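Visitor: Chains as they are written, first to last, in the working numbering: chain S, 1 to 153; chain H, 1001 to 1248.
Any given hint might turn out to be false.
Cβ-Cβ distance ranges computed for the label pairs, FRET-style [claimed, not checked]:
1) E21/S / S1135/H: 50 to 60 Å
2) D44/S / E1125/H: 24 to 34 Å
3) Y73/S / V1247/H: 21 to 31 Å
Footprint (simulated), chain H over chain S, 3 or more residues, beta carbon under 8 Å [stated by the list, open to error]:
4) 62-68
5) 117-124
6) 135-142
In short, the hints are calculated from the structure, not lab data.
Please read these numbers as outputs of a predicted model, since none were measured by experiment.
We put the beta carbon where it would ideally sit given N, CA and C, even for glycine.
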Amino acid sequence: MSEQDTAAAREVLIKYFDGTERLASIVDQEVPYPDGKLIVSRTDPQGIITHANRAFIEMSGYTREELIGTNHYILRHPDMPAVAFKDLWDTVAQGKKWQGYVKNLRKDGAYYWVKATVIPNIRNGQLVGYTSVRRKPSRSKINESEALYATLR
Amino acid sequence: MALNLSVSPDFPPTHLSGWFIFNTWLQRQLGEGVHLELYDSFEQQREDIRAGKLDLIYANPYDASMLVRELGFKVLVRPRNRADETVIAVRADDEVTCVEDLAPGLKVATTADPDVHIMGMIMLESADLDATNVSFKELDSYVLVAKALLNRDADAGFFLKAGFEELSELVRSKMKPLVSSQISVVHHTLVAGPRMQAHMDTLTDRLVNMEHDPKGIPVLKSMGLDGWDVMEEEQTEFMIDLIDTLVD
Ligand SMILES: Cc1cc2nc3c(=O)[nH]c(=O)nc-3n(C[C@H](O)[C@H](O)[C@H](O)COP(=O)(O)O)c2cc1C
């Protein structure tokens, strides 16, 4: 768990890239990544969730019904710098694999860190969507990312 | 010309005879000669796959990816309830209690099984361990991986979960699993090559019906399988995409 964790709730207005925004309740409390699991989701080319596995549902705190059809930014944590996601989108738009450490926001306001890999899904030469698979990150990588992202916000 | 059936070298040796029985069943279904070609090494099998020598392969998920995306094979079915999961274990008397307790310099006993090795390495990442600070002892079977661990030739072992569970109770009692993967969508598949084209639909039907067919039931049993489920093309693509995210 991070040293900054206070478990106190605060209201934060999150502004998304597409111009929409939402008031989210943020609780500075980490939920540990489950050992041995991969959190898997798929999106359409626009980033709308089309598939979520059980680990995704359990960790995000949302139901499958709430997730499918929703923009993936529903998990965006305000501590994540916009440049990280710009890098993600720029990379996959070139047909390449993106890898990075992401702090995700749960429905209950708590957070969890992942090491994420996102790849484009190509079928018969056409881009049909993206797949993201997350695994457990090391504590040292979380600490490094926390420090780096704080300078990029 | 006879068709060639092969099985990924990671299948449990206890089911060897089952694959010969399956081969006989297969010849009856297809009305053609089928030869079962078995390999000790993944590399040797891959060479023959690339040389176009094999027509029907019970492939591990990593090889299925190459077969489908590079060689135009098609996945027909998957075995029910047989996901490929990986276990990292240490000696029971080791003071280590979780992956994060493992330290650089770790000696890992592993096999050439690509899926298990890749997943094992992914599960070590949370301890900041990777190929630069871990050394490997590559062995031919999970029995030998266990032996290396118990003989203190290695500090940790990577096991296919099914392989770990087939070890004797005595051997298992001397080991301690630290983590077991729970992925569930990565599994072996039966993959058919271009020369199987004319047989694919019939064979898929027969395979799916095997569990209801009095002649098929004992064959499944001898292979240690519950039954086959159809793999739709998109399910296959999804599994391969997922594996793509795991390999560098
Ligand atoms: C397959 C895929 C998975 C993604 N997973 C996440 C995620 O887990 N958390 C997250 O905050 N953003 C994720 N994103 C990025 C979001 O689409 C979005 O760019 C990000 O949340 C920032 O929101 P914004 O671009 O509207 O500012 C993912 C994108 C793709 C294509």
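Visitor: In ascending order, which of the hints set out earlier in this document are inconsistent with the structure?
Guide: 4
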